[in-house]
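Peer 1: Starting from the known structure of chain A, arrange chain B on it as the hints suggest.
Top to bottom, those sequences are chains A and B. The working numbering puts the last residue of the first sequence at 468; the count rises by one with no breaks. The working numbering puts the last residue of the second sequence at 468; the count rises by one with no breaks.
Examples of chain A residues toward chain B, derived with CB under 8 Å:
#1 P173
#2 L174
#3 K177
#4 I179
#5 A180
#6 E181
#7 S258
#8 R260
#9 M351
List time: in silico BS3-like cross-link candidates among lysine-lysine, alpha-carbon distance up to 27 Å:
#10 B:K276 with B:K402
#11 B:K177 with A:K445
#12 A:K394 with A:K276
#13 B:K177 with A:K177
#14 B:K177 with A:K207
#15 B:K177 with A:K194
These are computed hints drawn from the structure, not numbers from a lab. Because the structure is a prediction, the values reported are computed rather than measured. Note that beta-carbon positions come from the ideal geometry of N, C-alpha and C, so glycine has one too.
Number of protein chains: 2
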Amino acid sequence: MAVYTDVSFEDLESFLAGYNIGVPLTFKGIAEGVENSNYFLSTAKGSFILTLYEKRVKIEDLPFFLGLLEHLAAGGVHCPLPVRNLAGAQLATLGGRPAALFTFLNGVSLRRPEAGHCAAVGAALAKMHEAGKGFALSRENALGHDGWSELVEACLPRADEIEPGLADLIRTAHAEITSNWPSGLPQGVIHADLFPDNVLFMNGAVSGLIDFYFACNDAFVYDLAVMLNAWCFEPDVAFNVTKSKSLIAGYVKQRPLSQEEREALPILTRGSALRFLLTRLYDWLNHDPHALVRPKDPRDYARRLRFHRKVRGVGEYGL
Amino acid sequence: MAVYTDVSFEDLESFLAGYNIGVPLTFKGIAEGVENSNYFLSTAKGSFILTLYEKRVKIEDLPFFLGLLEHLAAGGVHCPLPVRNLAGAQLATLGGRPAALFTFLNGVSLRRPEAGHCAAVGAALAKMHEAGKGFALSRENALGHDGWSELVEACLPRADEIEPGLADLIRTAHAEITSNWPSGLPQGVIHADLFPDNVLFMNGAVSGLIDFYFACNDAFVYDLAVMLNAWCFEPDVAFNVTKSKSLIAGYVKQRPLSQEEREALPILTRGSALRFLLTRLYDWLNHDPHALVRPKDPRDYARRLRFHRKVRGVGEYGL
Numbered sequence: 150m151a152v153y154t155d156v157s158f159e160d161l162e163s164f165l166a167g168y169n170i171g172v173p174l175t176f177k178g179i180a181e182g183v184e185n186s187n188y189f190l191s192t193a194k195g196s197f198i199l200t201l202y203e204k205r206v207k208i209e210d211l212p213f214f215l216g217l218l219e220h221l222a223a224g225g226v227h228c229p230l231p232v233r234n235l236a237g238a239q240l241a242t243l244g245g246r247p248a249a250l251f252t253f254l255n256g257v258s259l260r261r262p263e264a265g266h267c268a269a270v271g272a273a274l275a276k277m278h279e280a281g282k283g284f285a286l287s288r289e290n291a292l293g294h295d296g297w298s299e300l301v302e303a304c305l306p307r308a309d310e311i312e313p314g315l316a317d318l319i320r321t322a323h324a325e326i327t328s329n330w331p332s333g334l335p336q337g338v339i340h341a342d343l344f345p346d347n348v349l350f351m352n353g354a355v356s357g358l359i360d361f362y363f364a365c366n367d368a369f370v371y372d373l374a375v376m377l378n379a380w381c382f383e384p385d386v387a388f389n390v391t392k393s394k395s396l397i398a399g400y401v402k403q404r405p406l407s408q409e410e411r412e413a414l415p416i417l418t419r420g421s422a423l424r425f426l427l428t429r430l431y432d433w434l435n436h437d438p439h440a441l442v443r444p445k446d447p448r449d450y451a452r453r454l455r456f457h458r459k460v461r462g463v464g465e466y467g468l
Numbered sequence: 150m151a152v153y154t155d156v157s158f159e160d161l162e163s164f165l166a167g168y169n170i171g172v173p174l175t176f177k178g179i180a181e182g183v184e185n186s187n188y189f190l191s192t193a194k195g196s197f198i199l200t201l202y203e204k205r206v207k208i209e210d211l212p213f214f215l216g217l218l219e220h221l222a223a224g225g226v227h228c229p230l231p232v233r234n235l236a237g238a239q240l241a242t243l244g245g246r247p248a249a250l251f252t253f254l255n256g257v258s259l260r261r262p263e264a265g266h267c268a269a270v271g272a273a274l275a276k277m278h279e280a281g282k283g284f285a286l287s288r289e290n291a292l293g294h295d296g297w298s299e300l301v302e303a304c305l306p307r308a309d310e311i312e313p314g315l316a317d318l319i320r321t322a323h324a325e326i327t328s329n330w331p332s333g334l335p336q337g338v339i340h341a342d343l344f345p346d347n348v349l350f351m352n353g354a355v356s357g358l359i360d361f362y363f364a365c366n367d368a369f370v371y372d373l374a375v376m377l378n379a380w381c382f383e384p385d386v387a388f389n390v391t392k393s394k395s396l397i398a399g400y401v402k403q404r405p406l407s408q409e410e411r412e413a414l415p416i417l418t419r420g421s422a423l424r425f426l427l428t429r430l431y432d433w434l435n436h437d438p439h440a441l442v443r444p445k446d447p448r449d450y451a452r453r454l455r456f457h458r459k460v461r462g463v464g465e466y467g468l
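Okay, chain A solo, but in the shape it has when bound:
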């Protein structure tokens, strides 16, 4: 959580001359977003987030991300809406970086969501899946199933430094996930990273979904699998089936799951646990001590993966 590109007020002023949102009253870097620099901005016309895209986001992906947010907002999803400038563009340049301005969403992220929040966010995910239909652009899941082999190779040699037996877990789980990975599941635009950090609540209702920078085209039910990992484990990594049941129930009320999707869930939860285990492990092993972000402990996801490998049927997720 950091601001990587420092924007002076004077540069901001020139940038805002290209928009019809008035003069800044407040401008503060916010500690949000691992990948980008974000600023909170308010003017007489309202509140905004200014995002500067740092090197980890590919410029060629920005039309997908920005177009998607506009498409989803038009479909009723509470997500940041890119503000177009006087030239009609969603993207401009600031501090030598591609930059975009978004409407600001009220609401707060929860650290310890309860079952009721899980139901609400499950429903919000399903609505997002429905609203994403008809979006013209597409983006491959760079961190999807096909991309894991490379991460596995990069992580294996040093995995046991983090926890004895971790290399073996990764090797075995990766092989078993690969040979059982389902195909032909209903696909569309997924968020792919809908952790509690990325959901805003107000009075118990979802007031916003944010941080779509992993969004891509993949199986809808994979998004649900990501959320079971992110929302339904307690801090001690015990699985909370009440939360899982609520999350899935909230989802299926808005978008029913087919038989194939239900049956795929256990392998997809393993896959999603492996995905976050691998990226966290990679970041942990390759952490630049000068970076302004502290890496997350990969072991929490090793424990999730072990849990899912013992699951003997989708009933254990409360479905």
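Peer 2: For chain B alone, kept in the frame of chain A given last:
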């Protein structure tokens, strides 16, 4: 610029139960303040800053800082006002840290202030000096003239690693400043760190002074010397006498300088340049690569110090 203590929404909720400011609509860590963790908070009752004091601020100094802000605000200074909780306290505990809530000030910090801004901030400094009179508590300047010897000793052995000749500059300047340091100058509460970062502007007028965590009792004119260093040099460290003239003129319109204060200015600007040179050098040499803050280059202040050592009279500052 970082958030050191991560506050969950749930902990925030318990904390706010002790205040009469309503339910949070927005809660975001902000990249501000080198010493503390700061959050932007909004409720139906307004906007606030929540500060968690980290280890570099001494708990025993907090009554001085918080009391001072209340005193200054009552005297008409635009500064953050500590919000008292239901128990009437300015200070509470959150995330295991002492924490305080402040009113939020609109306005933006300038990176490249112009002469008009210097005049406005000079006047704001003088008003703050006047408003500070009558404040019951006092605090020694921990980074004042008496504290420099220790920093000099700590920095000298490795100073030349940063720039050849730096150790010699520090040794000579410190000796000459020490033997010429004035005494008996008018004293009171000073800000001691009024850099452009710590001043908010709206429509060219000062809308707020912030970050009083170096405030202390010392010579008023030393505060002006700090500002000449912080506001009146260009990015290439060329002195801008127009800005200096404006800053001093803005100040003296609100609080005239005595003959002694005028004569003391050249030695105080050297002292203040040495103070920031020493602290930046110390932080540079002792930087923890895991810290979330990047140290500032000390050489900018070595160049200021060299400039002031060549000044032959107060007229060179435009006085």
